[in-house]
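Asks: Residue strings, one per chain:
4 protein chains.
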Amino acid sequence: MTAAASTLDYRALARARLPHFLFEYIDGGSYAEVTLQRNVTDLAEVALRQRVMTDVSAIDLSTELFGQRLAMPVALAPVGLAGMNARRGEVQAARAAQAAGVPFCLSTVSVCPLAEVAAAAAPFWFQLYMIRDRAFMIDLIDQARAAGCSALVFTVDMPVPGSRYRDLRSGLAGAAGIAGSLRRAWQAARRPGWAWDVGLQGRPHHLGNVAPVLGSNSGLEDFLGWMRNNFDPTVTWRDLEFVRSRWDGPLIVKGILDPDDARLAADHGADGIIVSNHGGRQLDGVLSSAKALPPIADAVGGRVTVLADSGVRSGLDVVRMLALGADGVLLGRAWAYALAAAGEQGVRHMLGLIEVEMRVAMALTGCTNIPAITRDILA
Amino acid sequence: MTAAASTLDYRALARARLPHFLFEYIDGGSYAEVTLQRNVTDLAEVALRQRVMTDVSAIDLSTELFGQRLAMPVALAPVGLAGMNARRGEVQAARAAQAAGVPFCLSTVSVCPLAEVAAAAAPFWFQLYMIRDRAFMIDLIDQARAAGCSALVFTVDMPVPGSRYRDLRSGLAGAAGIAGSLRRAWQAARRPGWAWDVGLQGRPHHLGNVAPVLGSNSGLEDFLGWMRNNFDPTVTWRDLEFVRSRWDGPLIVKGILDPDDARLAADHGADGIIVSNHGGRQLDGVLSSAKALPPIADAVGGRVTVLADSGVRSGLDVVRMLALGADGVLLGRAWAYALAAAGEQGVRHMLGLIEVEMRVAMALTGCTNIPAITRDILA
Amino acid sequence: MTAAASTLDYRALARARLPHFLFEYIDGGSYAEVTLQRNVTDLAEVALRQRVMTDVSAIDLSTELFGQRLAMPVALAPVGLAGMNARRGEVQAARAAQAAGVPFCLSTVSVCPLAEVAAAAAPFWFQLYMIRDRAFMIDLIDQARAAGCSALVFTVDMPVPGSRYRDLRSGLAGAAGIAGSLRRAWQAARRPGWAWDVGLQGRPHHLGNVAPVLGSNSGLEDFLGWMRNNFDPTVTWRDLEFVRSRWDGPLIVKGILDPDDARLAADHGADGIIVSNHGGRQLDGVLSSAKALPPIADAVGGRVTVLADSGVRSGLDVVRMLALGADGVLLGRAWAYALAAAGEQGVRHMLGLIEVEMRVAMALTGCTNIPAITRDILA
Amino acid sequence: MTAAASTLDYRALARARLPHFLFEYIDGGSYAEVTLQRNVTDLAEVALRQRVMTDVSAIDLSTELFGQRLAMPVALAPVGLAGMNARRGEVQAARAAQAAGVPFCLSTVSVCPLAEVAAAAAPFWFQLYMIRDRAFMIDLIDQARAAGCSALVFTVDMPVPGSRYRDLRSGLAGAAGIAGSLRRAWQAARRPGWAWDVGLQGRPHHLGNVAPVLGSNSGLEDFLGWMRNNFDPTVTWRDLEFVRSRWDGPLIVKGILDPDDARLAADHGADGIIVSNHGGRQLDGVLSSAKALPPIADAVGGRVTVLADSGVRSGLDVVRMLALGADGVLLGRAWAYALAAAGEQGVRHMLGLIEVEMRVAMALTGCTNIPAITRDILA
Ligand SMILES: Cc1cc2nc3c(=O)[nH]c(=O)nc-3n(C[C@H](O)[C@H](O)[C@H](O)COP(=O)(O)O)c2cc1C
Ligand SMILES: Cc1cc2nc3c(=O)[nH]c(=O)nc-3n(C[C@H](O)[C@H](O)[C@H](O)COP(=O)(O)O)c2cc1C
Ligand SMILES: Cc1cc2nc3c(=O)[nH]c(=O)nc-3n(C[C@H](O)[C@H](O)[C@H](O)COP(=O)(O)O)c2cc1C
Ligand SMILES: Cc1cc2nc3c(=O)[nH]c(=O)nc-3n(C[C@H](O)[C@H](O)[C@H](O)COP(=O)(O)O)c2cc1C
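Protein chains in written order, with the UniProt record's numbering: chain A, 1 to 379; chain B, 1 to 379; chain C, 1 to 379; chain D, 1 to 379.
Please keep in mind that the hints were generated in silico from the structure rather than gathered at the bench.
Among the hints, a few may not be true.
Chain copies aren't distinguished; within one or between two, either way the pair holds.
[As the list claims (entries may be wrong)] Here are the simulated lysine to any residue pairs, SDA-like style, with alpha carbons at most 25 Å apart: (1) K291 with T54; (2) K291 with Q37; (3) K291 with P371; (4) K291 with L8; (5) K291 with E33; (6) K291 with A32; (7) K291 with F231; (8) K291 with L378; (9) K291 with G28; (10) K291 with V40; (11) K291 with R303; (12) K291 with G302; (13) K291 with A379; (14) K291 with V46.
Isolated chain A (complex conformation) (with noise of 0.2 Å):
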């Protein structure tokens, strides 16, 4: 493959360019990846309604979330170990949400620390997710300000993490010390653009938000571990409040696939909530977001910003999800790939393929702006 044509040709090229095991991180979702697959398939089931000979010389996708106008009504998911796929990749990507005018979120267990990244690009959002050293949550609340973050993504489907058979099998997970070290080496050996460019020159490699409280433990290995012992499964939407107090931005909460769940969020001041279920990655067996989202839309829709991810691969399936009742969507894997495959250029030009299928998807269903696309659209 010379250039990419699709998100997916971006997973084709970032499986040749990756070392192994961080292929599959990526590319894997929870136990027997059930609705990791429906994700995609039941997005493909949405069918839409062509209408034809209305005028679409004009078409603006432009959109509003939470104050901030946006060329797209799309934002890059919080991705840990991002700065992996690609060299200093959290900047790389940031840098292309910003040219793209599309917000880019930070994950907790980003590679890059917050500082770095706000060295480098606009302001972006910053994902946290509870971890039992409320100090710690404290500081990094203190630090998304400091970096002038636009908005809080507070993930709470992840009290505890699901299992992944991929990186047990991969070697990523489980294989401890050395044996694993040497499983990652020699499949990083095998992919010597990858090691040199980012295994060697990308460095370091710890997750920048955690390593002053792990100290000398903040490699690679040690992050499923850190997870584990760190996030905190006591969280109730109490905690939320003690978020919210902390916080005076936009607050959203993420990882909702239940409208009482969603109207709890509401009620404890969320600005907005992200129906999502991790992308396939938590609890295998749930709902796609495709199917949880419109009852959802319907019991909060109005009162918080609903936005939605997990599944989304084209710019039809941006159009889908906000038909089907989202104001915004976020790509994960699609900007994971294209990041891995080609950095920043990567990740640019996959925004713009989503905006060209948006635009191509738009005129066909006779909308011209955003709030056009609603439930009319659905055939």
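Let chain A serve as the given structure and place chains B, C and D with the ligands on it in line with the hints.
Replies: Below, chains B, C and D with the ligands alone, put in the same frame as chain A:
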């Protein structure tokens, strides 16, 4: 394979004879090709009701469409660039259609110009795209009249071209300049039969109808570019009236998938419509024609002639479309494959297969003429 | 494979032993083979209701059909050209059926003529096609009477033969004259076991019942041509009365898929009907027998004997058909495969498998005799 | 693969270690294996309802079944011949179950006899088939009592054994005498690890509990024959009363798929039932347990303890079965694979995986204890 027993056999033969990028161009659909597949699977699921012991010795396939007597209710759909499939391909196909007693429809973006086809075959249909340059459009309509075209097919589902990933992958699109030319030349070199017969002896390879306005830039590589720049996304139903005012003969609107649009087409002077999703090549995710057709036939059947295409691969499929409400059925890829595989003879033979298959389907559903094919024969 | 555990195993063995064109002839269906597959998948989806702790030590499979006591409600369906599968194949199959206590039905287009089978085995059924030459038909009926046939099966779903793409591809059909002969000879040469045993020693290979009227042109290559020319598409229910008037014994109409046709068959003197789509070999796209059967059984059950075939591959499938409303079930490909694989012994063994499987299905649905198998055992 | 991440990984490891015929014996189902597949796909389709922000730091998996406190509501299903999977396999599995705090159920047709298992592990369940020789049955019940078994599992879905095509193909069944022995020996020779560890050192390989009545004919090759001859198809609910009268402890009827049978089991003195289709190994075509369970739980839940098995491959599946109405869940192939792959350690590890997966599923559906798992957590 020595002989083709079905359109799928012709597909295999076409794949073996055409340079890769040309086969992919014919075969592919847009985006994830969901609609491309739905077209075929939804038709296959239409179950027929077998009836026995009715005298079916005399089966009459003839029908009248737009005042024209046809040997069977079938026409060859407009297929752009068909002249690349065989030497002066559109002429060969038009002759085959004439021999079979069915209409051939020439695309705006054909290789052979209107006059060349008119010189070689009986009156045919001409397909028109909405083009920014209205003077050029008027000129095309005038040429069609001069060529004696028996109907004008106005395609409305391409205000913007959908993205076909395969064209980008194969090098037909995207790979501009010398790189792209070399790549295509290489693919052509691996198909010496085609290279000699069509590549060399079938020249010139420009867009025959468009060449006058394109000047020297009318080669294959300019095709997609020209479409992107000259197709008119401002088009509305008013523009149909503009076309109507310039054309006395039968006017058929191609690319209708919605009952409301069908009604609008009728309101604005169309004599017929074609229920079509452009063979799954425009907005991926829209309904298959088999699903879209019945409510449209209910809405405007009787008022205008209702044709249908997309996914038809056999005479059984033709009968299915008729049973779902169509007055006539267009074949797209079916004839493009046959033309690529075996030229005029291939198209004639393929139309013969369609006829025999229709006869069997009619005999075993107890229909001895076309009007007898109604929803009543669906199980 | 050393021994066959199921009809699918016999299929594999048949494929290994038969020349390609013969295997394809047995195995294939018409057109896209949609109905061929539906037959099998629709049956597989018929869910059985397991019952336990009912005394199932004494299970009686015997049944009475048309005044004949059968070991089980199963018969061997008419299969044209079965004599090509094994040396004097129809004789071998008839003997196997006799040994198993079930009827064998000889096809009009068998290799062995009526008299040859009659000389070797107990009374069997004879299948008759509607043939243009009425005198010849009368003669066939007379021969059947002379041979002591116990029932006449009148096949009505072949007023015109459906197109089987595989036959065209394999060279059985379409490749006329020497080219076709050579091609088939080559395929036969690659199966020396068959070539010696059946190809050489199983001669003559003409259509035994038709040979008298065909003269010297009664070879395999003339088979399809003869059918195309001599099958009578003018046939109506009046013609059934004609057959009825010539035949005193049980008269069974084969190829009914519609309740209205079932009623008409009863009205015109049929004693039984066979719900059948000819094993997916005639009109592709019609309902599977499993789907067509229940409303037909509701319409005429009790008035006429209702048999069914198409898709039956195991004793479980037999029980499913009985539960859906059939009084008896015919096996088509099941015995053709077994005959090809292992001759008379193969068919006997296959019928033994069917019997054991029926016993298990009956034991676990709590049925100790055939009348107990009703829709009540469906889950 | 270095370590197993899931039961499917254990399946792969088992396939690599076991002689072909043994793997096929465990892995296969009866007939076309429709139910075998339904078991897995129907469970996968059971969608869970994710809930967030409920304190899930303390999750209690413990439960009480038949007066016994269990670490989790899981048990090891009776698996015949498990002693062929690993050296003295049933002993190893019983120890693993004990370590994990869940019941092990010994099959009537185990390799290790009751006494051998009793000597090595804590009280376990014993599974009993209805055997023609009532004196022998009474003797087995007495032995179970003497071994201190904590429950008697009475299997009712095998009045006759279903046919497993794979066993016939692999040579386990059907190939009698020396031919069969040689074939199995050859397959064993290709698995030297197994041949040495289990084949040689794991002897004797007879049916431990049945050996006394079989005399010298108690080898593997006699297994299926013995079952065919000694299983009792006359069994009725009266016989359950007979068993009931001989056994004071908990009595569980295994193999119920119908609400009426569930009621009858309760009426005749059962303390519990197991909704099961024998892992798709008996009547192919019956409902999956996932589909059969809810109406049965509605019918007798509360009156008797409702257990379920068939198709359970993960802790998520366990939670699904509980949500569908089960009080406890049995694992069949899951432990047989793990035992074959890695002996006692394998089974312990597999049970550990199940536990962790249950915890994740409960955490993300907001359940902190087993009673909280109701249909309310289904989406
Ligand atoms: C490799 C990877 C890492 C992720 N890491 C995080 C994370 O650190 N925090 C978070 O809230 N979500 C994380 N997610 C979930 C994404 O934010 C998003 O919900 C998901 O990727 C959307 O599904 P999609 O990949 O199908 O678009 C991650 C997803 C992937 C694929
Ligand atoms: C290679 C190709 C080129 C086409 N070019 C045109 C065109 O120039 N104008 C047009 O109106 N439709 C065009 N179509 C759409 C066809 O007219 C028709 O709607 C479609 O092929 C029907 O679907 P089918 O191919 O499944 O039969 C094209 C289709 C194909 C496959
Ligand atoms: C190779 C073959 C030849 C057949 N020939 C005849 C025939 O001569 N006359 C007839 O009435 N049916 C014929 N049939 C149809 C069978 O009688 C029967 O309806 C069909 O095979 C049932 O489907 P099954 O093969 O799935 O069991 C034929 C079927 C096959 C497979
Ligand atoms: C290899 C094997 C042997 C079995 N043997 C017995 C048995 O001896 N007695 C019994 O009641 N069930 C037996 N079963 C059925 C199991 O107890 C259980 O119902 C079934 O395995 C559950 O399905 P699963 O394997 O999908 O979990 C056996 C199952 C397998 C796979």
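Asks: Decide, hint by hint, whether the structure agrees.
Replies: Hint check:
1. K291 with T54: between (30 Å within a copy, 23 Å between copies)
2. K291 with Q37: Answer is both: 13 Å inside a copy and 22 Å across each meet the 25 Å cutoff.
3. K291 with P371: within (21 Å within a copy, 28 Å between copies)
4. K291 with L8: within (23 Å within a copy, 28 Å between copies)
5. K291 with E33: Result: close both inside a copy and across copies, 17 Å intra and 21 Å inter.
6. K291 with A32: both (19 Å within a copy, 20 Å between copies)
7. K291 with F231: So K291 and F231 fail the 25 Å test inside a copy (28 Å) and across (37 Å) alike.
8. K291 with L378: both (14 Å within a copy, 14 Å between copies)
9. K291 with G28: within (21 Å within a copy, 29 Å between copies)
10. K291 with V40: both (11 Å within a copy, 22 Å between copies)
11. K291 with R303: within (20 Å within a copy, 37 Å between copies)
12. K291 with G302: within (19 Å within a copy, 34 Å between copies)
13. K291 with A379: Answer is both; intra-copy 16 Å and inter-copy 10 Å each pass.
14. K291 with V46: both (10 Å within a copy, 14 Å between copies)
Going through the hint list in order, the structure does not satisfy hint 7, though it satisfies all others.
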